[in-house]
Amino acid sequence: MKPLARQILALSRLAVLDLYRRKDIVVVFVLGGVILTPLFFFTPFGMSGASRYTNELALLLVWLFSAVIGLGVSARLFPTEFESRTIYPLLSKPVSRGTVLAGKYLGALAAALSALAVFYAAYGVLAGVRQGVWFPLILWQAFILHTAFMIVVTALGLLGSLALTASANLTLCGLLTVGMLVFGQRLPSLAAAQPVPGKWVLYALHWIAPHLEFFDLRQRLVHEWPPVGWGVCGAVWLYALCYAAACLALAALIFRRKKF
Amino acid sequence: MSHDSSKWLFLSFAASAVLLGRIIPAACEKNMPQVRGDDVLTQVLGETRLAVSQMLLDKADEYFHGGVRHTDCEHEGTAMDHDEHDQDQDEEECAAHERFDPWRMINRRVHVQEHRHMHGAEATELLPWLWAASHISAENLQALESTAYVLNRMLGNPGAAVELLEQGIAKNPVSAELEFSLGELHLHAFNDVVKAEAAFRSALEKNLLARDASDEDTRLLRLRTLFYLGYLSKLKGDTRGLRQCLREAEELSPQHVCTNDLRKLLEEGASRR
Chain Y
19 MKPLARQILA LSRLAVLDLY RRKDIVVVFV LGGVILTPLF FFTPFGMSGA
69 SRYTNELALL LVWLFSAVIG LGVSARLFPT EFESRTIYPL LSKPVSRGTV
119 LAGKYLGALA AALSALAVFY AAYGVLAGVR QGVWFPLILW QAFILHTAFM
169 IVVTALGLLG SLALTASANL TLCGLLTVGM LVFGQRLPSL AAAQPVPGKW
219 VLYALHWIAP HLEFFDLRQR LVHEWPPVGW GVCGAVWLYA LCYAAACLAL
269 AALIFRRKKF
Chain S
114 MSHDSSKWLF LSFAASAVLL GRIIPAACEK NMPQVRGDDV LTQVLGETRL
164 AVSQMLLDKA DEYFHGGVRH TDCEHEGTAM DHDEHDQDQD EEECAAHERF
214 DPWRMINRRV HVQEHRHMHG AEATELLPWL WAASHISAEN LQALESTAYV
264 LNRMLGNPGA AVELLEQGIA KNPVSAELEF SLGELHLHAF NDVVKAEAAF
314 RSALEKNLLA RDASDEDTRL LRLRTLFYLG YLSKLKGDTR GLRQCLREAE
364 ELSPQHVCTN DLRKLLEEGA SRR
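Protein chains in written order, with our numbering: chain Y, 19 to 278; chain S, 114 to 386.
Quick caveat, the hints were computed from the structure, so don't treat them as lab data.
All values reported here derive from a predicted model rather than from experimental measurement.
C-beta: ideal position from N, C-alpha, C; glycine also.
It cannot be assumed that every hint is accurate.
Short derived list, chain Y residues pointing at chain S, Cβ under 10 Å [said to hold, decoys possible]:
(1) Tyr71
(2) Ile162
(3) Thr165
(4) Gln203
(5) Pro215
(6) Val219
(7) Leu220
(8) His229
(9) Asp234
(10) Arg238
(11) Val240
(12) Glu242
(13) Gly249
Could you build the full structure based on these sequences and the hints that come with them?
Pasting the structure below:
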């Protein structure tokens, strides 16, 4: 293995180990179980057979927890190193700042994606047991696009961790994520309805902000609409890669200029 | 400031607040904005509960349309019931937008843009939201009526619908709408003319007591109630009762479809004799 790849792999492993050492996923599963278990046994008006509401709530929790884990892991990487001053011994080793950044990012992404895979596997089993449909194509597409979401969100969290304080980073990234998921699709129509200064701000946001709603296939999955074309999936993935690359390039620029 | 003086200051503030809370309603009884009998907490939570109930009802509506909100739906209806000209125009407009906006183009392909309607047993999926909407706020009459409709018409469970409406009437004793819905249910689902007539009579009484009698919805409900009462009078062979309903309907709106239908019922009765 080449030295650069070995360095990146070593740095990535640390981030993954950190997530599992802190048992975030166990907490998330217990919380999900506590919320969802009573709903499985709920029979409104004595009539059973409804399953979409539990699917929707389960997917909402998957999205919420994956965003929290993705942002939490990526936003924690550098501030803890700066606070405990472990960044000095790390940079004194023969690794470039770019390698450290890439290693940290890939580690955060690997940790977030491993958690996401566990969530989707649990959801697939849950839906299969309740509805008898095991891992349909739309579920795979939802997972693939959700991984693209994690690519963007972890890149944003990492960029924010170098430019802002930890709390400001988490707040801003959280607001941006929720805001874009809720209003992203409606930004052009919201902008069109505003008077001039607000209109241009919303249009700018529409063009610049990360369109995280592209990655959200919950509506199709819950209401059994047909899958999206693979060309569209490819375009969405390309968008995610470009956006994450832009965030990482900016993060690299900030990290290179940062004085400790 | 010492710890003791802070404690006394806090206690005196709390005592003053309680005292003012007692004095103000007694002193300004006629000028109080709130409805007497409800405390502030009940009023605030009451409004919140109604808003949450409405949100849940909107969610049920979204489920009915295949998870598509009306605000997000760009093509009304499916291709089958859509006007061809409008659809062409829509597509041209969308294409024009997409030429300049790739994000919009992706969104339109990822998120479903047209809606569909639920049919038959599939409507079970609506029940959790409707149950929550009708139980969170008993004041949400629309939630109660929609739930009763889904239970009776879509899922064939009129018994549950009657039970729900009766609970709703117990909690909303002045609601003419719920009595009317109950009357329709007794008549159409159970063919129980006695219970139906009782419910329609009660709906008419409550409608006459309605605060805003000139309101269009109130007037329309009264006309529809009069039509049913006239119809039930005809079934009993009570021409006098039918005439009375027609007279009241003519006073409200002489050309309304319900008034015309009552006239037809009277004419049919007369021609048979």
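Structure-based check of all given hints:
1. Because the closest C-beta pair between tyrosine 71 of chain Y and chain S is about 4 Å apart, less than 10 Å, the hint holds.
2. For isoleucine 162 of chain Y, the suggested interface contact is broken, since its CB lies about 12 Å from the closest CB of chain S, more than 10 Å.
3. The beta carbon of threonine 165 of chain Y is not positioned within 10 Å of any beta carbon in chain S (closest approach about 15 Å), and the interface hint is therefore violated.
4. The criterion of a C-beta within 10 Å of any C-beta in chain S is met by glutamine 203 of chain Y, whose closest approach is roughly 5 Å, and the hint holds.
5. Among the interface hints, the one on proline 215 of chain Y is violated; its C-beta lies about 21 Å from the nearest C-beta in chain S, farther than the 10 Å criterion.
6. With its C-beta approaching chain S no nearer than about 16 Å, valine 219 of chain Y sits outside the 10 Å limit, and its interface hint is violated.
7. A least Cβ separation of about 13 Å between leucine 220 of chain Y and chain S goes past the 10 Å threshold, and the interface hint is therefore violated.
8. A least Cβ separation of about 5 Å between histidine 229 of chain Y and chain S falls short of the 10 Å threshold, and the interface hint therefore holds.
9. Hint on aspartate 234 of chain Y holds. Least Cβ distance to chain S is approximately 8 Å, under the 10 Å limit.
10. The criterion of a C-beta within 10 Å of any C-beta in chain S is met by arginine 238 of chain Y, whose closest approach is roughly 6 Å, and the hint holds.
11. Interface hint at valine 240 of chain Y: satisfied, since its Cβ lies 6 Å from the closest Cβ of chain S, which is below the 10 Å cut-off.
12. About 9 Å separates the beta-carbon of glutamate 242 of chain Y from the nearest beta-carbon of chain S, less than 10 Å, and the hint is met.
13. With a least beta-carbon distance of about 9 Å to chain S, the hint placing glycine 249 of chain Y at the interface is held under the 10 Å criterion.
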